[in-house]
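> Each chain is listed here by its residues.
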Amino acid sequence: GAGVSQSPSNKVTEKGKDVELRCDPISGHTALYWYRQSLGQGLEFLIYFQGNSAPDKSGLPSDRFSAERTGGSVSTLTIQRTQQEDSAVYLCASSRGLAGEYFGPGTRLTVT
Amino acid sequence: GIQVEQSPPDLILQEGANSTLRCNFSDSVNNLQWFHQNPWGQLINLFYIPSGTKQNGRLSATTVATERYSLLYISSSQTTDSGVYFCAVRSNFGNENLTFGTGTRLTIIP
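Line by line, the protein sequences give chains Y and A. Every number in this note's numbering is 391 more than the matching position in the first sequence, counting from 1. Every number in this note's numbering is 3 more than the matching position in the second sequence, counting from 1.
Simulated from the structure, these hints should not be mistaken for laboratory data. Possibly wrong hints are sitting among the right ones.
Said to hold, decoys possible - If you want the footprint, here are the derived chain A segments under chain Y, 3+ residues with CB under 8 Å:
hint	segment
1	32-39
2	61-67
3	90-100
For every residue, glycine included, the Cβ atom is placed at its ideal position computed from N, Cα and C.
Start from the sequences, fold in the hints, and give me the full structure.
In structure tokens form, the structure reads like this:
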């Protein structure tokens, strides 16, 4: 597609449930990034993929968070046993080489 | 890790005014981007500018990499320019991800 797409756009879940967030990067972009933005805050890096491998998982806040990427394209971010502090907007970005990153519209996650 | 500071944190201007937003960073970078986050939360790429000067319509940006700062200029502001402007950098010596500043919230009053 023309840009990065993410789904769902909004997700409300109960504390303790698992959620999956999806990202479709721009075609041909080899690098994919997940960030999250809490209310009124800047962006916090979570994980980076180059192709299907994740050389940098340093930003994942706990072992409840995991992500995978298949076929060098679609990525899924999974949060297990969600907590209220996981509520945020989760943003995905893709890039080609060291050029600029392009962001998707985000998934707004609310944990009740 | 690299530190990114933006100033001012908040800016309120009358429509038609000009503004300058600043981004200071603490280490050498191979990527610097300016983004506009609109009221719906979408991050819109404004400039990819690790060094030099670029212009796009009413917006321009300059990065002086040797002095570790970048400036975003907005001329003849319009109400649609309102939102939060983020500077983000990738360090030459750190991880591959962007590190974001805390943003400048710009409000343009009609």
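> How does the segment 90-100 of chain A fare against chain Y when you require at least three residues with a CB closer than 8 Å, holds or violated?
holds (count 5)
> The segment 61-67 of chain A covered by chain Y? Criterion: 3 or more residues, Cβ-Cβ distance below 8 Å.
violated (count 0)
> Please count how many residues of the segment 32-39 of chain A have a CB within 8 Å of a CB from chain Y and say whether that reaches 3.
holds (count 4)
Violated hint: 2 only; the structure is consistent with all others.
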